[in-house]
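Engineer: The lines below spell out each chain.
There are 2 protein chains.
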Amino acid sequence: MVAALILRRVVLASCCAVGIVASLYASALAQTDPLPSWNDGPVKKSISDFVVRVATQGGPDFVSAQERIAVFDNDGTLWTEQPYYFQLAFALDRIKAMAPQHPEWKTVDPFKSVIAGDRAAMAKFTTKDLEKIVFATHTGMTTGEFSALVKDWLAKAHDPRWHRPFTDLVYQPMLEVMQYLRANGYKTYIVTGGGQEFVRAYADQTYGIPPEQIIGSALDTDFTYNDAGKAILMRPPKLLLNNNFSGKPEDIYLFIGQHPQAAFGNSTGDREMLEYTQAGGKGALMMLVLHDDPAREYAYGPAEGLPASKVGTFTQALYDEAQSRGWNVISMKKDWKRIFSFEK
Amino acid sequence: MVAALILRRVVLASCCAVGIVASLYASALAQTDPLPSWNDGPVKKSISDFVVRVATQGGPDFVSAQERIAVFDNDGTLWTEQPYYFQLAFALDRIKAMAPQHPEWKTVDPFKSVIAGDRAAMAKFTTKDLEKIVFATHTGMTTGEFSALVKDWLAKAHDPRWHRPFTDLVYQPMLEVMQYLRANGYKTYIVTGGGQEFVRAYADQTYGIPPEQIIGSALDTDFTYNDAGKAILMRPPKLLLNNNFSGKPEDIYLFIGQHPQAAFGNSTGDREMLEYTQAGGKGALMMLVLHDDPAREYAYGPAEGLPASKVGTFTQALYDEAQSRGWNVISMKKDWKRIFSFEK
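Going down the list, the sequences are from chains A and B. When we follow this note's numbering, the leftmost residue of the first sequence carries the number 1, and every step to the right adds one. When we follow this note's numbering, the leftmost residue of the second sequence carries the number 1, and every step to the right adds one.
Incorrect hints may appear among the rest.
Because identical chains share one entry, a pair is satisfied inside a single copy or across any pair of copies.
Said to hold, decoys possible - In silico lysine to any residue, SDA-like type, Cα no more than 25 Å apart, as pairs:
(1) K112 x E131
(2) K238 x F223
(3) K96 x R164
(4) K230 x N242
(5) K238 x D222
(6) K238 x I256
(7) K282 x T142
(8) K151 x S64
(9) K128 x L240
(10) K230 x F245
(11) K238 x A218
(12) K151 x F62
(13) K230 x E67
(14) K230 x E145
(15) K45 x Q57
(16) K282 x G229
(17) K282 x Y225
(18) K310 x A120
(19) K132 x D159
(20) K334 x E176
(21) K230 x Q316
(22) K151 x D168
(23) K282 x G144
(24) K310 x K334
(25) K310 x F223
(26) K230 x S64
(27) K230 x G281
(28) K333 x P36
Hint data in this document are derived by calculation from the structure and do not stem from the laboratory.
All chains, please: the whole structure from these sequences, using the hints.
Structural biologist: Structure representation (structure tokens):
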């Protein structure tokens, strides 16, 4: 009787231990894969390893939930940037829409070429030409008016290849990474060379990132009053922040005041951001998206003889630095099971 | 029998209705007052009315939890700013500490007067003199080195009147307001004319506000590498953002990208921030702290013949604007039961 009881207790205890382990195991298996659009492999694993490492209390890389920061470049990292940045598509469409009010543009470049749709001439635009286009289309109005123009354009415009709204061309695997990190306490920031106000106009709805977590190249604003005496902010033709290259870590410090633990980019403009993230220590995760899938998206960059691109330049030097510093290069072709949510 | 049943049901129904109302009432009474350091009156009531108004789903002033933003000036609004800004006290102490390494300062103003403790000369310092002091003490080092200097100073320095750590001189009623707003879904931001990095060094511990929610006047940074090839940010002697007057709403837009619904200030430097907050509509709350309590803190400003102050100037024009625009003026003397947590 006593033996039976003891036996029973041992069996029960074993059952319990086995039960707990089995239950934990089953629970782990039952959990939905947070990155279903990623193919299994070292790149996907580096992301989940990072999340576990940083969340392990008492571990050398533990970061408190409040300090968890992840930064993402936008063009070419979160959505397509070919055949040219979508913000440029917006600006060109605006030039055409504004042309009737600017008859003088018909004879003056860069406007003349845009209105005429002269692709050969547009391909030769200088930085100064692009600045003229940006200032003509992005300034001389209130902040609210500009934001409304962008939202209206995004609701109507379509990309030239898939003929879909531009916001359809966000990368499903990156949406999953952002969601996965946020579920683990991270604040996700966009740190873009593109215009801060442009990205803010759609980022909340498309990425789930609120305006205060968008850091971008920014025009100055001028506080003034409208005719009714109400405070407004006007957009003058003056660049305040050039959020590219060194500007990225400088603005991360300006806006966030601390090192991120994870940084995602895809071009030389992201190099300093990844270096600064790594300098924060704490087992940081640095990743670069390599566009090597011409069938499903585009192919450009240093690897396997891909053509170089002026948009989203990924040099051999950056590739070499990624190797030497232990950054992960994401192959769209190999690592992404699905690129866009509209794929079958 | 049936009559008895009906009667019973009516009584039960009444009991239930009364019970629910009574229970709600008791629950409301039982709730701890979120603003115990405020005296009851219209000013305190304006805060709780605001919180209820903005949180009322379907009401005309409803704001979703994600969009709830409240901004606070720092000097004179969250902590004392007399006899001079505490950041200036830091800079003057740094000049004295650095003097042995700068023998040339003994003969050159403004440094000479600071080292000699010549208060008469220091009272006449120009903006250019102050800039020299700030650049000498705030630049030429990494961002991390500067932050460490501020933290070290705050841990050791004492104010000249109460001989307490400067961080003891935060206003208990304002800590309660910030806590109350955060408990109701608000993100609380500091928007200060003072140095962003200076305030970030203590704001998390003192106010519960993380670095990314501190907007302040900011020096530029320069991305570079240390001798070990590690990415660092140096602080050059160059102002990037002057976060005062019009700079406040402009930087709120730069950092947050939306209108706050509540703004707290205490001087002419906060005027445009309050105007911009009000322009966002949504039943916004604008408040100005009036320093009218020389016994418990300081007295300066427009009301009741208080002396004017160069530090935290509160002009009659600002007072008049507050009246005409329906902003609340907080009398420290009348509205605050307790100013500092160390009061008995």
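Engineer: With reference to the structure, classify each hint as holding or not holding.
Structural biologist: A quick look at each hint next to the structure:
Proximity of K112 to E131 under the C-alpha cut-off of 25 Å is restricted to the intra-copy arrangement: shortest distance 15 Å within a copy versus 48 Å between copies. Taking the shortest Cα distances, K238 and F223 sit within 25 Å of each other both inside one copy (14 Å) and across copies (23 Å). In this assembly of identical chains, K96 and R164 lie within 25 Å of each other by CA distance solely inside one copy; the values are 20 Å within and 65 Å between copies. When the C-alpha separation of K230 and N242 is checked against a cutoff of 25 Å, the pair qualifies only between copies, where the shortest distance is 23 Å, while the shortest distance within a copy is 30 Å.
Both within a single protomer and between protomers do K238 and D222 lie at most 25 Å apart by alpha-carbon distance, with minima of 10 Å and 21 Å respectively. Proximity of K238 to I256 under the C-alpha cut-off of 25 Å is found in both arrangements, the shortest distances being 24 Å within a copy and 20 Å between copies. Proximity of K282 to T142 under the C-alpha cut-off of 25 Å is restricted to the inter-copy arrangement: shortest distance 19 Å between copies versus 42 Å within a copy. Taking identical chains as interchangeable, the C-alpha atoms of K151 and S64 lie at most 25 Å apart only when they sit on different chains, with a minimum of 20 Å there against 36 Å within one chain.
For the identical chains of this complex, K128 and L240 are neighbours both inside a copy (16 Å) and across copies (24 Å), given an alpha-carbon limit of 25 Å. In this assembly of identical chains, the alpha carbons of K230 and F245 lie at most 25 Å apart only when taken from different copies (16 Å versus 38 Å within one copy). For the identical chains of this complex, K238 and A218 are neighbours both inside a copy (9 Å) and across copies (19 Å), given an alpha-carbon limit of 25 Å. With identical chains, the CA atoms of K151 and F62 are at most 25 Å apart between copies only, with a shortest distance of 23 Å across copies and 40 Å within one.
Within a single copy, K230 and E67 get their C-alpha atoms only as close as 38 Å, which misses the 25 Å cut-off; across copies the closest is 21 Å, which meets it. Only within a single protomer do K230 and E145 lie at most 25 Å apart by alpha-carbon distance; the minimum there is 15 Å, versus 43 Å between protomers. Taking the shortest alpha-carbon separations for K45 and Q57, only the intra-copy value of 20 Å comes in at or below 25 Å, while the best inter-copy value is 43 Å. Proximity of K282 to G229 under the C-alpha cut-off of 25 Å is restricted to the inter-copy arrangement: shortest distance 17 Å between copies versus 51 Å within a copy.
Taking CA atoms no more than 25 Å apart as the test, K282 paired with Y225 passes between copies only; the shortest distance there is 19 Å, against 47 Å inside one copy. Within a single copy, K310 and A120 get their C-alpha atoms as close as 15 Å, which meets the 25 Å cut-off; across copies the closest is 61 Å, which misses it. Taking identical chains as interchangeable, the C-alpha atoms of K132 and D159 lie at most 25 Å apart only when both belong to the same chain, with a minimum of 23 Å there against 53 Å between chains. Proximity of K334 to E176 under the C-alpha cut-off of 25 Å is restricted to the intra-copy arrangement: shortest distance 17 Å within a copy versus 54 Å between copies.
In this homomeric assembly, K230 and Q316 come within 25 Å of each other (Cα to Cα) only across copies, at 21 Å, whereas the closest approach inside a single copy is 53 Å. Taking identical chains as interchangeable, the C-alpha atoms of K151 and D168 lie at most 25 Å apart only when both belong to the same chain, with a minimum of 14 Å there against 47 Å between chains. In this assembly of identical chains, the alpha carbons of K282 and G144 lie at most 25 Å apart only when taken from different copies (16 Å versus 40 Å within one copy). When the C-alpha separation of K310 and K334 is checked against a cutoff of 25 Å, the pair qualifies only within one copy, where the shortest distance is 24 Å, while the shortest distance between copies is 65 Å.
When the C-alpha separation of K310 and F223 is checked against a cutoff of 25 Å, the pair qualifies only between copies, where the shortest distance is 24 Å, while the shortest distance within a copy is 36 Å. Proximity of K230 and S64 under a CA criterion of 25 Å is satisfied inter-copy only: 24 Å between copies versus 42 Å inside one chain copy. In this assembly of identical chains, K230 and G281 lie within 25 Å of each other by CA distance solely across copies; the values are 10 Å between and 47 Å within a copy. For the homomeric pair K333 and P36, the shortest alpha-carbon distance inside one copy (15 Å) is at most 25 Å, but the shortest distance between copies (61 Å) is not.
In this structure, none of the earlier numbered hints is contradicted; all agree with it.
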